[in-house]
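A.B. asks: Spelled out from the first residue to the last, the chains are:
2 protein chains.
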Amino acid sequence: MRDTSTHDTSTHDRPLRFTSEQRHDDGVLEREFTLGEIPGTLWTPGSAAPAPLILMAHNNGLPQREPRLVARARYSAARGYAVASVDAAGCGDRPRSAADEEARAELRRTLRAGEPADEIFESLVGPMVEKAAPDWRTTLNALLALPGIDGPVGYSGWTALGIRLAVTEPRITAAGFFAGGYVPRAQRAEARQVTVPLLLLLQWDDEGNPRQRALDLFDAFGGKEKTLHANMGGHTGTPWFETDDGVRFFDRHLK
Amino acid sequence: MRDTSTHDTSTHDRPLRFTSEQRHDDGVLEREFTLGEIPGTLWTPGSAAPAPLILMAHNNGLPQREPRLVARARYSAARGYAVASVDAAGCGDRPRSAADEEARAELRRTLRAGEPADEIFESLVGPMVEKAAPDWRTTLNALLALPGIDGPVGYSGWTALGIRLAVTEPRITAAGFFAGGYVPRAQRAEARQVTVPLLLLLQWDDEGNPRQRALDLFDAFGGKEKTLHANMGGHTGTPWFETDDGVRFFDRHLK
Chain A
-9 MRDTSTHDTS THDRPLRFTS EQRHDDGVLE REFTLGEIPG TLWTPGSAAP APLILMAHNN
51 GLPQREPRLV ARARYSAARG YAVASVDAAG CGDRPRSAAD EEARAELRRT LRAGEPADEI
111 FESLVGPMVE KAAPDWRTTL NALLALPGID GPVGYSGWTA LGIRLAVTEP RITAAGFFAG
171 GYVPRAQRAE ARQVTVPLLL LLQWDDEGNP RQRALDLFDA FGGKEKTLHA NMGGHTGTPW
231 FETDDGVRFF DRHLK
Chain B
-9 MRDTSTHDTS THDRPLRFTS EQRHDDGVLE REFTLGEIPG TLWTPGSAAP APLILMAHNN
51 GLPQREPRLV ARARYSAARG YAVASVDAAG CGDRPRSAAD EEARAELRRT LRAGEPADEI
111 FESLVGPMVE KAAPDWRTTL NALLALPGID GPVGYSGWTA LGIRLAVTEP RITAAGFFAG
171 GYVPRAQRAE ARQVTVPLLL LLQWDDEGNP RQRALDLFDA FGGKEKTLHA NMGGHTGTPW
231 FETDDGVRFF DRHLK
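Just so you know, the protein sequences line up as chains A and B, in that order.
Under this note's numbering, the first residue of the first sequence is numbered -9, with each subsequent residue one higher.
Under this note's numbering, the first residue of the second sequence is numbered -9, with each subsequent residue one higher.
It does not matter which identical chain is used: a pair holds within one copy or between any two.
Computed cross-link-like contacts, SDA-like style, restricted to lysine to any residue with a CA-CA straight-line distance of at most 25 Å:
#1 Lys214 x Arg58
#2 Lys214 x Glu197
#3 Lys245 x Thr31
#4 Lys214 x Gly104
#5 Lys245 x Leu134
#6 Lys121 x Pro53
#7 Lys121 x Glu22
#8 Lys245 x Phe231
#9 Lys245 x Gly223
Hints in this document: simulated from the structure, not taken from any laboratory.
Extracted from the complex, chain A is given alone in its bound form:
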């Protein structure tokens, strides 16, 4: 990836600065950016036509540069979408408090041991969603001000953050969620208010996500148009064809 001259788009008082760009063989342009303290990546299709935007967030604040997320983002961009991911406050490579680091280590230990993880999950991820959502809205504002990026907006990935954004951000018109076994109480309570068309994708034998809770969450969503997909293969074993199904879901609602 090579550095390029920066391109600024002011949003409130924070400029969006592109810090690098890479053109892939399939025409997709991948650009890293910063928006104040928020680091992000924007993938756009090769064509010049305005593209609908998909915000793509990894579950529980995992880094935006995680390879599976990057692969999904590039695939979606090649199919005609502008796709953006950021490390919101407390997520990815952003600074974490010592307490957060400790809670993360404890959560991993608890899940590995197969012990009840609800309370530690709640104490870690509940505040993480609260802190991350404003950064995603700031990002959304800045991206929609760029040339070549158009509404309507889709959301893909982290269930809890997506619930919060879908409830608070009317520009989001379709949402694809992953897993949903562990979702903080506040977002479980908000699920009935999510009325946009949605696709919930879960792994039937996901060792880290209680199946019944994901099914209960799907049941709770308030929209008339909701679809559940489940597959085998464990937490990280989602078959690749679901990436294509996700794009086709957005094709129905964003194009």
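Following the hints, put chain B in place on chain A, whose structure we already have.
C.D. replies: For chain B alone, kept in the frame of chain A given last:
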């Protein structure tokens, strides 16, 4: 639909006779046939290349001429498949005993009243699957002997019959099942032996199919590659995009 000269293909001692044919605008050729006492319909793509075969059966012996089944069959044929449906023994327009007629009326009454329907369902549909499966195998033999129809073979529709065929017929290499809330005991027991890739499609709010049983059935299937799709809209409200998803499932396994 106009009558055409018959085309015979002998299978054992029963000839397959085409009794009518119709060419649709999309190139699909729709031909009614009889195979001994079995009436059926075969849809084939416009192209001359050999097409994989999909056996398409309506739930619980409903007629092969039911409009939703016909629409799915034509759509699949337009996408490159030979699709066949028959009224097997005891199904569709085939003669029924007075006892069968009475049991059907009683089942409808029971389901409408929301009363437990297990026993009457078992007594009606259990024997129906037993009687229907041999006719479908006879049909499969006859169809694979026709020019332009090729293996591998997919199955789509009625869950209970599909389980029986998938377990007893090694030429079936992928199966799409619908609903699955009521499945006779024998087929529930056989589900673990179904190891071909499968797609179970259910309606989340299906008034006539207990959801938990469908989920338990999905859990029971023995294969490593199984996918669940669920949507809203009641028993007959399956969204049309699932027809496309079904074809894409077969594209992954039959082409």
